[in-house]
Amino acid sequence: MNKNLFWLIALLFTLSFGFMSCAEDTTVEDPYANWDDRNVRYLDSIADVARANEIPELNEVGKWVIKCNYKISNESSLNPGLGGSSVGLNPSETPPSVNDSVYMKVLEVGEGSNRISPLYTDTVSVYYRGKLINGTVFDQNYSGDLNTEVHVPTHFALQAKQSSGVFGDGLIVGWITALQYMKEGDRVELYIPAALGYGTQGQSSIPANSVLIFDLKLEKVIHPDGLESYSLKVD
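Read left to right, the sequence shown gives residues -23 to -1, 1 to 212 (mature numbering (1 follows the signal peptide of the UniProt record, and there is no 0)).
The hints are simulated quantities; they were obtained by calculation from the structure and are not laboratory data. Being a predicted model, the structure only gives us computed values, none of them experimental. Heads up, a few of these hints could be off.
[Unchecked claim] Restraint ranges, calculated between C-beta atoms of paired labels, are given here:
(1) 199 - 90: 15 to 23 Å
(2) 90 - 4: 15 to 23 Å
(3) 117 - 49: 27 to 35 Å
(4) 179 - 33: 15 to 23 Å
[Stated by the list, open to error] In silico DSSO-like links for lysine-lysine, alpha-carbon gap of 27 Å or less:
(5) 197 - 108
(6) 40 - 160
(7) 82 - 108
(8) 82 - 40
(9) 197 - 82
(10) 108 - 40
(11) 40 - 197
In this text, a Cβ means the ideal position worked out from N, Cα and C, and glycines have one as well.
The whole structure should be built from the sequences, with the hints applied where relevant.
Structure representation (structure tokens):
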């Protein structure tokens, strides 16, 4: 009898230890641990890759285009196509940091010679999916693989209506900057530093200091009637 009791106690001990081990093994890590530092390092790595494969315009799939925040490029002598290069700077000017530019990897180049880029008074028709560096999707207007024959694009007005760093229909500076250099039919993988996104405040499901990653396709540019209104640039 005592021998049976001994084995029963030993069995219960073993099972308890196994349950504890399983509990320890299934501990879920915080997907946002060390978030600020991870985003800084991630953006630095993207900038390095982009600079090593940079071209001036969105005309070659697989290559990268770097464009400086339009506010900076309009206010200094920087060539916005240099994406942070010190070339073209006056001696008194400081080159933009890695946080002052957007980084676009070319996924598709639109067809046709009459394609246009959006300007200040235009509305854009786009497909998009936005995610964080950990893969969390925070916004999108299509699911699965993009199919332009099935999915419906969203229209956004670009006209500046400044409020807490967003413009027009709530567009962030990073979008405004990138779209100015895209033409109809272009599709890019767009990397936006937090400074050109939602900054230190975050937004809804987007934590503060988050790099934003978008799969962005510019389907169509819709501009007002008249050449005068169409010629206005963002400033």
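Tested hints:
no. : hint                 : verdict
1   : 199 - 90: 15 to 23 Å : holds (19 Å)
2   : 90 - 4: 15 to 23 Å   : violated (58 Å)
3   : 117 - 49: 27 to 35 Å : holds (29 Å)
4   : 179 - 33: 15 to 23 Å : violated (34 Å)
5   : 197 - 108            : holds (23 Å)
6   : 40 - 160             : holds (16 Å)
7   : 82 - 108             : holds (15 Å)
8   : 82 - 40              : holds (6 Å)
9   : 197 - 82             : holds (20 Å)
10  : 108 - 40             : holds (21 Å)
11  : 40 - 197             : holds (22 Å)
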